[in-house]
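Novice: If you read the protein sequences in the order shown, they are chains A and B. So that you can map any letter, position 56 of the first sequence is 55 in numbering that gives the first Met the number 0, and since no number is skipped, the others follow by simple counting. So that you can map any letter, position 265 of the second sequence is 264 in numbering that gives the first Met the number 0, and since no number is skipped, the others follow by simple counting.
No lab work stands behind these hints, which were simulated from the structure alone. All clues stand as given, with none of them false.
Note: identical chains are not told apart, hence a pair may lie in one copy or across any two.
Using 25 Å as the maximum straight-line C-alpha spacing, the simulated DMTMM-like pairs for lysine to aspartate or glutamate come out as follows:
id	residue 1	residue 2
1	K255	E6
2	K15	E97
3	K93	D58
4	K19	D124
5	K255	D291
6	K255	D7
7	K15	D299
8	K255	D124
9	K15	D25
10	K93	D124
11	K255	E308
12	K15	E61
What follows is each chain in one-letter form.
2 protein chains.
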Amino acid sequence: MAQGSAEDRLIARYFKPLAKHPGAFDFSDDAAAITPPARHDLVLKTDGLIAGVHFFTDDPAEGVGRKALRVNLSDLAAKGAAPLGFLLAIALPKDFSEHWLADFVRGLGEDADAYACPLLGGDTDSTPGPISISVAAFGTVPTGTMVRRSGARPGDHVFVSGAIGDAALGLRVRRGELADTTGHLVSRYRVPQPRTTLAEPLRAHASAAMDVSDGLVSDLGKLCRASNVSADLEVARVPRSEAAEAALGSDCELIKPILTGGEDYEILCTIPPNRIASFESAAANVGVPVTDIGRIVGGDPPPRFLNPEGQPLTFLRGGYSHF
Amino acid sequence: MAQGSAEDRLIARYFKPLAKHPGAFDFSDDAAAITPPARHDLVLKTDGLIAGVHFFTDDPAEGVGRKALRVNLSDLAAKGAAPLGFLLAIALPKDFSEHWLADFVRGLGEDADAYACPLLGGDTDSTPGPISISVAAFGTVPTGTMVRRSGARPGDHVFVSGAIGDAALGLRVRRGELADTTGHLVSRYRVPQPRTTLAEPLRAHASAAMDVSDGLVSDLGKLCRASNVSADLEVARVPRSEAAEAALGSDCELIKPILTGGEDYEILCTIPPNRIASFESAAANVGVPVTDIGRIVGGDPPPRFLNPEGQPLTFLRGGYSHF
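Please model the entire structure based on the sequences and the hints provided.
Specialist: Written out as C-alpha cells, the structure is:
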C-alpha cells in the first residue's frame with residue numbers, strides 16, 4: 000500500500016467510508032482495536048464467497064456485498080450472539096470493474112449499518128483467479144452461553160425459522176432449469192435474510208441450534224451427531240414459501256432439492272417441551288416465523304425425514320460439499 | 000460439509016488435529032467461542048497469501064503454512080499485542096495435492112503451537128483459481144495500549160529490528176536474478192521471523208510502531224503521515240545481513256530494492272530520547288537486535304533517506320502495490 004498507489008486509492012475511495020468504528024482507525028493503522036464487553040465471550044466465524052462458486056459473476060454486486068456479510072451474521076445469530084464487527088479480505092483480478100466494487104461496497108456498507116456490525120479492517124489483494132471474498136465476523140454472548148450444536152436431547156422439538164428450499168430452487172431458476180414469475184426464489188438465493196433477532200430467544204430457550212447453510216438434511220444430521228441423538232421429521236411440516244409451493248406443485252421430485260439444497264440461512268434449533276410456548280412467543284415478538292417440524296429421538300443419526308405415509312425418504316446426497 | 004463428504008474428510012484429517020483450544024469445539028460447531036482477558040482490548044488483523052502472488056506454487060507448502068500465520072503475527076507484535084488465536088479461510092483448486100495440504104497444515108500447526116496462537120475455526124472452499132489463504136488473527140493488549148502508527152514526535156529516534164532487505168533480495172534469488180550461496184535470502188523471503196517478543200518492549204517504550212511489510216521507504220512514509228511528521232534516515236545505518244552485504248558488494252544499485260522491496264516483517268518504531276536506553280535494554284533481554292537508523296523531524300513526509308554525502312535518495316516507487 001504505497002502512498003498514492005492504486006491500492007491506496009482503492010482503499011481510500013471504497014473502504015475508508017465504511018470505517019465508522021473508532022477502533023478501525025480509518026484503516027490507517029496495521030490493525031483494529033476493540034474493547035469487548037465485560038463478562039462476555041467472543042463468538043468467531045469465517046465464511047467466504049468465490050465468484051463462480053458461491054455467486055454468478057453477473058449477479059448484482061450489491062447483493063454479493065450483502066451476502067458476504069449475511070452468511071456470517073446468520074451463524075452468529077444461530078449461536079445466540081450479537082454482532083460486534085468484521086474483517087474483510089478481498090482478492091480482485093487486475094482488470095476488475097470499479098463499478099462492481101462500488102456496488103459491492105455499497106451493499107456491504109448498508110448491511111454493516113443495518114445489522115450494527117461495523118467493518119474493522121481488511122486486506123485487499125490482486126489475484127490471477129476469480130473475485131474471492133472472505134469475511135471474519137465477531138459477535139458476543141454472555142460468558143458461557145453460546146448456543147451449541149451439541150445440546151439436543153430426546154423429546155426436544157425441532158424448529159426451523161422462515162421457509163426452507165427457496166435458495167436451492169432459486170439456484171435452479173438462475174440456471175434456467177425452473178420458472179419463477181415472482182423473482183422470490185432468486186432473491187432468496189442472492190440475498191439471504193439472517194435471523195439476527197432470533198439470537199436472544201435461542202439463547203433463552205434452545206437446547207441446540209445452527210443455521211441451515213448446507214441443506215436441512217445435512218445440517219440436521221450434523222446437529223444430531225454433535226448431540227448423539229437422532230430425529231424424526233415430517234416432511235409435510237417443513238415450511239415452504241408460496242413460490243416454492245408453486246414450483247413443487249409442478250414437480251413433486253423437487254422436494255429433495257428443497258430439503259438438501261442449502262443456502263437457506265434459516266435457523267434450525269431444538270427446544271425442550273417446557274420451553275416451546277416461551278420460544279414461540281419470543282420468536283413472534285421479534286417477528287420471525289418458526290415451525291415445529293419434528294422430534295429429537297434417541298439412537299444414531301441420520302435423522303429420518305418421513306413422508307405422509309410415515310416412510311423415510313432416502314437421499315443420494317445430504318448436502319453441499321466443495322470436494 | 001455433508002457427513003462423509005470429501006470436505007468433511009479433509010477437515011477431519013488435516014484441520015481437526017489443530018483444534019487444540021477448547022473454544023474451537025473440535026471444529027464441530029458453527030463458530031468458536033473464547034473468553035477474552037478482562038481489561039484488555041482485542042487487536043484484529045487479516046492478511047492473506049495467494050499462490051502466484053505471495054508465494055511461488057513450487058515453494059515448500061510447510062513454509063507457506065508458516066508464512067500465512069507469521070505475516071499476521073508480525074502485525075500483532077508491532078502493535079504490542081500478545082497472540083490469542085486465529086481463523087483460517089482456505090480455497091483450494093479441485094485437483095489440489097493432499098501432500099501439499101498435509102505439509103501446509105504441518106507448518107501452520109507447528110507455528111500455532113510455537114507462537115501460542117491456536118487455530119479457532121475456518122472455512123474450506125473449492126476455487127477455480129489459485130490456492131488462496133486468508134488468516135484473521137486476534138491478539139490482546141491492556142485496554143487502550145495498542146501501539147499506533149500515529150504517535151511519532153520530532154526528536155524521536157527511528158529504530159528497526161533485525162536486518163532489512165533480505166526478503167526482497169531473496170525474491171530476486173528465487174527468480175534467478177541474483178546468487179545466494181547460503182540460502183539465507185530465500186529462506187527470509189519464504190519464512191519471515193515475526194518479532195513477537197518485541198511486543199512488550201514496544202508497548203512500554205515506543206511512541207509509534209508498525210511492521211515493515213511493504214518496504215521500509217513506503218512503511219516509514221505511512222508512519223510519518225499518520226503522525227504528521229517527517230524523518231531523516233541514514234541509509235548506511237540501515238541494518239543488513241551478511242548475505243545482503245555480499246549481494247550489495249557486487250551491485251550497489253541493490254540498495255534501492257533493499258529499502259523498497261518489502262516482506263521484511265521486521266519492526267519499525269520510534270522511541271523518545273529518554274526511553275532509548277530502556278528500549279535497547281528490553282530488546283536485548285528478549286534477544287532481538289534493534290538499530291537506530293535516524294530521527295523523526297518536523298515537516299511533511301516523505302521522509303528522506305540520506306546517502307553518506309547527506310544527499311537524499313530518490314525512489315521511483317516506494318513499495319509494493321497490488322494494483
